[in-house]
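Undergrad: Based on the provided sequences and hints, a complete structural model is requested.
Quick note, the sequences are listed as chains A and B, same order.
Residue numbers are given in UniProt numbering: position 17 of the first sequence equals residue 17, and the series is strictly consecutive.
Residue numbers are given in UniProt numbering: position 114 of the second sequence equals residue 114, and the series is strictly consecutive.
One or more hints might be untrue.
So, partial list: chain B residues that the calculated Cβ filter (under 10 Å) puts toward chain A [said to hold, decoys possible]:
no.	residue
1	Arg64
2	Ala103
3	Ile146
4	Arg150
5	Leu152
6	Pro154
7	Glu156
8	Asp212
9	Asp214
10	Glu217
11	Thr274
12	Arg283
13	Ala286
Residues of chain B placed beyond 10 Å of chain A at every Cβ, according to the derived structure [unchecked claim]:
no.	residue
14	Thr33
15	Ala44
16	His117
17	Gly176
18	Ser234
Straight-line distance between alpha carbons at most 30 Å, and here's what the computed DSSO-like set of lysine-lysine pairs gives [as the list claims (entries may be wrong)]:
no.	chain 1	residue 1	chain 2	residue 2
19	A	Lys207	B	Lys281
20	B	Lys192	B	Lys40
21	A	Lys192	B	Lys281
22	A	Lys48	A	Lys248
23	B	Lys40	A	Lys204
24	A	Lys281	B	Lys204
25	A	Lys48	B	Lys204
26	A	Lys204	A	Lys48
27	B	Lys204	A	Lys282
If you are wondering where the hints come from, they were derived from the structure by calculation, not from laboratory data.
All residues carry an ideal CB built from backbone N, CA and C; glycine is no exception.
There are 2 protein chains.
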Amino acid sequence: MIASSQKHWTGDVADLLRVDEGFVLADVDTRATPGYEKDKVHGAEDLKSGAHQLDEYQERLYARSRVDATDAAVLLVLQAMDSAGKGGIIRHVVGSVDPQGVAVAAFKKPTPEELEHDFLWRVERRLPESGIIGVFDRSHYEDVLIGRVRRLAPAEEIERRYGAINEFERRVVDSGTRVVKVMLHISPDEQKSRLMERLERPDKHWKYNPGDVDERELWPSYMAAYQTMFERTSTEYAPWHVVPADRKWYARLAVQHLLLEALEDIDPHWPAATFDVEAEKKRLAAS
Amino acid sequence: MIASSQKHWTGDVADLLRVDEGFVLADVDTRATPGYEKDKVHGAEDLKSGAHQLDEYQERLYARSRVDATDAAVLLVLQAMDSAGKGGIIRHVVGSVDPQGVAVAAFKKPTPEELEHDFLWRVERRLPESGIIGVFDRSHYEDVLIGRVRRLAPAEEIERRYGAINEFERRVVDSGTRVVKVMLHISPDEQKSRLMERLERPDKHWKYNPGDVDERELWPSYMAAYQTMFERTSTEYAPWHVVPADRKWYARLAVQHLLLEALEDIDPHWPAATFDVEAEKKRLAAS
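TA: In structure tokens form, the structure reads like this:
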């Protein structure tokens with residue numbers, strides 16, 4: 001399915017980016033622009049035209065959740081290596097939606113309290129309410145990515161988590177939330193140039209962490225952990241999408257499209273009035 | 001103080017809107033545009049120029065909270081009669097800030113669990129973290145507004161709350177959060193025409209509630225409750241501002257200005273690097 005407002009795609013983007021049986025991360029070209037044949041300038045224009053649509057869909061979703069008491073929501077899960085552009089997605093894609101309709105949860109290193117609980121405890125608490133687009137900036141998947149690479153938990157525990165995640169997401173989807181899972185995929189070279197830019201600009205120094213260079217050494221281990229994660233948790237009800245992200249403009253356009261599709265799939269229409277409109281006009285006029 | 005980027009004001013807006021000793025709500029002209037002599041078209045342009053500034057200030061605030069571990073945050077408290085434009089402020093003013101830097105909390109009728117606790121319990125839990133602009137869409141002030149008008153609590157309890165609020169806000173301010181309290185003030189006639197518009201547009205029906213007309217009957221009681229609230233809770237550390245809101249464009253410009261001022265008062269600069277920039281460039285280049 002292609003969202004109806006999205007005439008600029010030359011293929012079914014979701015299909016092209018979805019992680020299906022036989023997917024191999026190493027085969028993905030991080031500079032590619034699957035389904036899109038125009039350039040950066042057009043990409044920015046097309047992003048702008050989708051921005052209004054996304055905002056309106058979310059407002060309709062919210063309106064319906066108030067009146068029809070539906071439980072529909074959308075959850076965007078963002079995973080990526082450092083500097084791949086999660087922040088840019090939130091700012092430039094999610095930023096087009098009314099702040100009242102968005103809830104961003106950034107998951108950092110777990111606190112001692114969080115570590116006292118199962119790894120899904122802190123995630124459950126940040127699920128979006130009905131009518132809302134929730135964004136996870138990192139997520140429960142950290143627990144099978146850095147958790148695996150840095151051996152933060154025993155191997156059996158990591159193994160257990162894949163199944164626990166699938167059961168958890170099954171329940172979330174069944175409760176009415178569309179789960180859109182995205183890995184932004186950049187090359188090590190692209191990361192190097194982005195980190196270098198952070199070092200060159202004093203207003204970007206705060207985004208740089210010397211630990212980022214250490215993590216780069218573990219790039220192959222991370223890619224292996226992602227590959228396993230895809231194989232174990234890309235399900236029919238909550239599939240993964242790998243979005244080539246060396247070109248930021250493409251990644252934004254693609255993620256916007258995935259969100260638009262999720263919202264079209266819910267098909268939120270403006271809810272009908274639950275009162276007699278003409279009678280209310282009279283009451284109001286007399287007040 | 002006038003925020004340095006804000007050359008379009010002809011007076012000290014915060015001063016003009018602040019609730020000081022001797023303030024009388026009934027004397028406020030809801031169609032006025034204190035401190036601004038240009039029209040709606042210019043107002044929209046000036047709002048746009050402030051939008052970028054607000055976004056940058058918030059990013060600097062966030063950056064500093066990560067590196068310098070400061071506790072600075074901003075909390076915008078919005079109170080108003082129905083249809084006065086709280087939603088428009090959030091969408092058009094707060095919406096210019098990166099969603100990662102914003103946390104909106106909408107306080108509705110308390111849940112049974114919330115009623116089991118003191119009225120400030122649910123509010124405390126939604127205070128913004130450092131680096132963030134928090135927005136309260138309604139707030140603890142409902143408990144001395146509708147709480148007083150509809151007699152939802154005994155008179156002594158309402159009395160107690162004013163003092164409790166002041167102590168609470170004193171603590172919030174002392175912990176590093178600038179509290180910007182705004183009442184958007186419209187006339188009953190303006191409300192009538194806005195509610196009528198909601199009835200006339202099917203895509204706005206969901207925003208209409210027949211109870212809104214009943215509340216209109218209580219307008220004088222609400223204004224009296226606001227007047228008392230101002231007298232009891234407009235403090236030096238967390239003053240109230242009454243923003244004439246019959247002209248939406250003015251209200252947005254004024255609230256944007258109050259936020260810019262709060263951020264300039266914190267003066268968040270980009271934090272200095274906590275590492276050796278040149279050494280990191282070399283490490284990164286070699287990685």
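Undergrad: Work down the list of hints and note, for each, if the structure agrees.
TA: Status of each hint after checking the structure:
no.: 1; hint: Arg64; in the structure: holds, 8 Å
no.: 2; hint: Ala103; in the structure: holds, 8 Å
no.: 3; hint: Ile146; in the structure: violated, 18 Å
no.: 4; hint: Arg150; in the structure: violated, 18 Å
no.: 5; hint: Leu152; in the structure: violated, 22 Å
no.: 6; hint: Pro154; in the structure: violated, 30 Å
no.: 7; hint: Glu156; in the structure: violated, 33 Å
no.: 8; hint: Asp212; in the structure: holds, 8 Å
no.: 9; hint: Asp214; in the structure: holds, 9 Å
no.: 10; hint: Glu217; in the structure: holds, 7 Å
no.: 11; hint: Thr274; in the structure: holds, 8 Å
no.: 12; hint: Arg283; in the structure: holds, 5 Å
no.: 13; hint: Ala286; in the structure: holds, 9 Å
no.: 14; hint: Thr33; in the structure: holds, 25 Å
no.: 15; hint: Ala44; in the structure: holds, 17 Å
no.: 16; hint: His117; in the structure: holds, 18 Å
no.: 17; hint: Gly176; in the structure: holds, 18 Å
no.: 18; hint: Ser234; in the structure: holds, 27 Å
no.: 19; hint: Lys207(A) x Lys281(B); in the structure: holds, 14 Å
no.: 20; hint: Lys192(B) x Lys40(B); in the structure: holds, 22 Å
no.: 21; hint: Lys192(A) x Lys281(B); in the structure: holds, 10 Å
no.: 22; hint: Lys48(A) x Lys248(A); in the structure: holds, 15 Å
no.: 23; hint: Lys40(B) x Lys204(A); in the structure: violated, 37 Å
no.: 24; hint: Lys281(A) x Lys204(B); in the structure: holds, 14 Å
no.: 25; hint: Lys48(A) x Lys204(B); in the structure: holds, 24 Å
no.: 26; hint: Lys204(A) x Lys48(A); in the structure: holds, 26 Å
no.: 27; hint: Lys204(B) x Lys282(A); in the structure: holds, 17 Å
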